[in-house]
Amino acid sequence: MKHYSLFFIGLCLMISSTLFGQKNEDSPVSPSRLNIDPALKPFYHGVASGDPLSDAVIIWTRVTSDSLSVDVDWRIALDTGMVNIIDNGVVTTDASIDYTVKVDVAGLQPYTTYYYEFTAEGRNSIRGRTRTAPTGDIDSLRFAMVSCSSFGHGYFNVYRNIAERNDVDAILHLGDYIYEYADNEFGTTRNMVPTNEIITKDDYRMRHSHYKLDADLRALHQQYPFITTWDDHETANNSWYGGAENHNPGDGEGDWFVRKSVAIQAYHEWMPLRKPDPSDDERIYRKFSYGDLVDLLVLDTRLEGREEQGGNSSDPNRTMLGTDQYNWLVNEMTNSTAKWQVLAQQVMMAPLEIFGATINDDQWDGYEVERQNIYNAVLTNNVPNMVILTGDIHTSWANDLPLSGYDSGTGANSAGVEFVTPSVTSPGFPIAVGEGLVQALNPHMKFVDLDDKGYILLDLNKDRVQGDFIHISGISSPGGTDTYKESYYSNDGSRHLNSSSTPSVAPASVFTTPAPPDPRPNGMVSTSDPLGTVTVLGAYPNPFTQEFTLQYYVREAADFKLSIYNMTGKLMLQEDLGRIPVGIQRSRVQANQLPAGTYAIVLQNGNESFNRLMIKIK
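For reference, each letter of the sequence shown is one residue, going 1 to 618 in my numbering.
Think of the hints as simulated: they come from the structure by calculation, not from any bench. Please read all numbers here as calculations on a predicted model, not as lab measurements. Honestly, I wouldn't trust all of these hints.
To be verified - Pairs of lysine-lysine, BS3-like flavour, derived with a Cα cap of 30 Å:
no. : residue 1 : residue 2
1   : K485      : K41
2   : K616      : K287
3   : K462      : K41
4   : K570      : K616
5   : K201      : K287
6   : K485      : K561
7   : K201      : K462
8   : K201      : K275
9   : K570      : K618
10  : K287      : K275
11  : K570      : K287
12  : K287      : K462
13  : K618      : K561
14  : K287      : K41
15  : K485      : K462
16  : K201      : K485
Stated by the list, open to error - Quick list of simulated restraints, FRET-style, between CB atoms:
no. : residue 1 : residue 2 : range
17  : N381      : D324      : 18 to 24 Å
18  : N611      : L78       : 37 to 43 Å
19  : E282      : N566      : 38 to 44 Å
20  : G436      : D324      : 52 to 58 Å
21  : D87       : D492      : 52 to 58 Å
22  : N381      : D37       : 37 to 43 Å
23  : N248      : P443      : 36 to 42 Å
24  : D281      : N184      : 29 to 35 Å
25  : F257      : N498      : 28 to 34 Å
26  : E121      : N312      : 56 to 62 Å
27  : N312      : R555      : 54 to 60 Å
Cβ coordinates follow ideal geometry from the N, Cα and C atoms, glycine included.
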């Protein structure tokens, strides 16, 4: 989410920001954030798990290695000490999948906590904790909802605070996990390396790598399984099936379908999710059943079938979901026997108008007939408890979904309810327009906060669903405290929201098991195993044709030189890179003059060097 209608921008300019207050905190982050933890070698990106089923879960890691391929051992256990191991194996990774590792561990027990770790090149990863989904009669569940985490706009304090809660079953990430922009393309930002807009497969890989080096995000992945879907910034702003607002073929950005495809490939490599259709890389919509309490339907309102924004919103053939996904959704929702039908998706479903004018056709307002068709399916099939979960808009909302004849006082004639989570860091509305004005003009909106960052705790039991809005005190420096803001709930069968001044109480069924141990287990890098002043995190692409890019971390500023040797030891190419500062860096090397073959790439700082074997294929 980035662009609004000109009408809305004009309205914002007419309303004084001093009248309503402005709390957006978009300060750039400090260079001190651009570190890696040497003790994690070679698993600098940590571990992650996701897509929990009642009998299976995905576990993930990434190995940083100078080998052409790496064997990685994995194991999963019932205890933090990894004594009661219930499964293990070996997988091989290499440059074709960016040295990522993903294992779909099957044969597990329902609603059970497991611990897992990896070993490669004689060293262990940190230990992760995960949990399978339940079956049968379930009393209560709790999820944390997050979205929109722009690295350059602040620290991921939200992630850290959720990681330390120990009271949710899983993380629902509703998109914009990464951002595609270069520095200062999305407001004032810095310290996003590489600084160019990401377009190629290797660009997307490096951006995912950069994000997962963040200690707060790494901590959250370590503690909980994620269920994710992409929004637009995992590819490009305001994307749709055939293009994006932030994709310009005439400016050298190439074919949209190529860019979309490579972005999706990198996403699957770097995220702990299971392909719902192994033959279809671009499908991400899928279902998770949590016993008889929740059917969670994860949607793709971006890339699967969306028509371009700006069309006639009342066109009966206009689609956000595409035919296949729409039919799948209606079938799953109307045939569900679970108490709650929860739709995790990207853009706001409730209508948002200012003085009768729709302000953002990127939302469901731009696809109103298909939205009404979903409502009609709910009513015709007597689906009593449709709950919409939304990200994208960087702000907090609790909405009824109004039908004709909607009564804001009683909630009558509402098709369901919607909770919209604030962003982790991404900036909100550019100028405060006043929550009171928005609600006065949209009485189905029960809570609006246009400023604060944070997350939602979604608490479900057999009687009601409740969303607790938790806001963070700041993102411009590490830390920040949680502040409880508001709660809204919907009773079973009511299809509308009520306010509550009391946050939900963590159900007894959520994590009561210990977190993985700290300090880290034996086998990690010790102080007697010095790592030097430079670590190469990746070489892209490998094999290469004309050029390649090194992504590396510098611990001490120094003058660097890059040398390329053939397999006989002959120096083929040398380039002075100049003085490189501390942090995560990137260097692009033109090597089109080299003949095809295998080469040793040497990054040198005085007497210290790092080698990487690379293959040139043309």
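Hints versus structure:
| no. | hint | verdict |
| --- | --- | --- |
| 1 | K485 to K41 | violated, 40 Å |
| 2 | K616 to K287 | violated, 43 Å |
| 3 | K462 to K41 | violated, 46 Å |
| 4 | K570 to K616 | holds, 16 Å |
| 5 | K201 to K287 | holds, 28 Å |
| 6 | K485 to K561 | violated, 53 Å |
| 7 | K201 to K462 | violated, 45 Å |
| 8 | K201 to K275 | holds, 19 Å |
| 9 | K570 to K618 | holds, 19 Å |
| 10 | K287 to K275 | holds, 11 Å |
| 11 | K570 to K287 | violated, 56 Å |
| 12 | K287 to K462 | holds, 20 Å |
| 13 | K618 to K561 | holds, 25 Å |
| 14 | K287 to K41 | violated, 36 Å |
| 15 | K485 to K462 | holds, 24 Å |
| 16 | K201 to K485 | violated, 40 Å |
| 17 | N381 to D324: 18 to 24 Å | holds, 19 Å |
| 18 | N611 to L78: 37 to 43 Å | holds, 41 Å |
| 19 | E282 to N566: 38 to 44 Å | holds, 40 Å |
| 20 | G436 to D324: 52 to 58 Å | violated, 42 Å |
| 21 | D87 to D492: 52 to 58 Å | violated, 38 Å |
| 22 | N381 to D37: 37 to 43 Å | violated, 51 Å |
| 23 | N248 to P443: 36 to 42 Å | holds, 40 Å |
| 24 | D281 to N184: 29 to 35 Å | holds, 32 Å |
| 25 | F257 to N498: 28 to 34 Å | violated, 46 Å |
| 26 | E121 to N312: 56 to 62 Å | holds, 58 Å |
| 27 | N312 to R555: 54 to 60 Å | holds, 57 Å |
Violated hints, listed in ascending order, are 1, 2, 3, 6, 7, 11, 14, 16, 20, 21, 22 and 25; each of the other numbered hints is respected by the structure.
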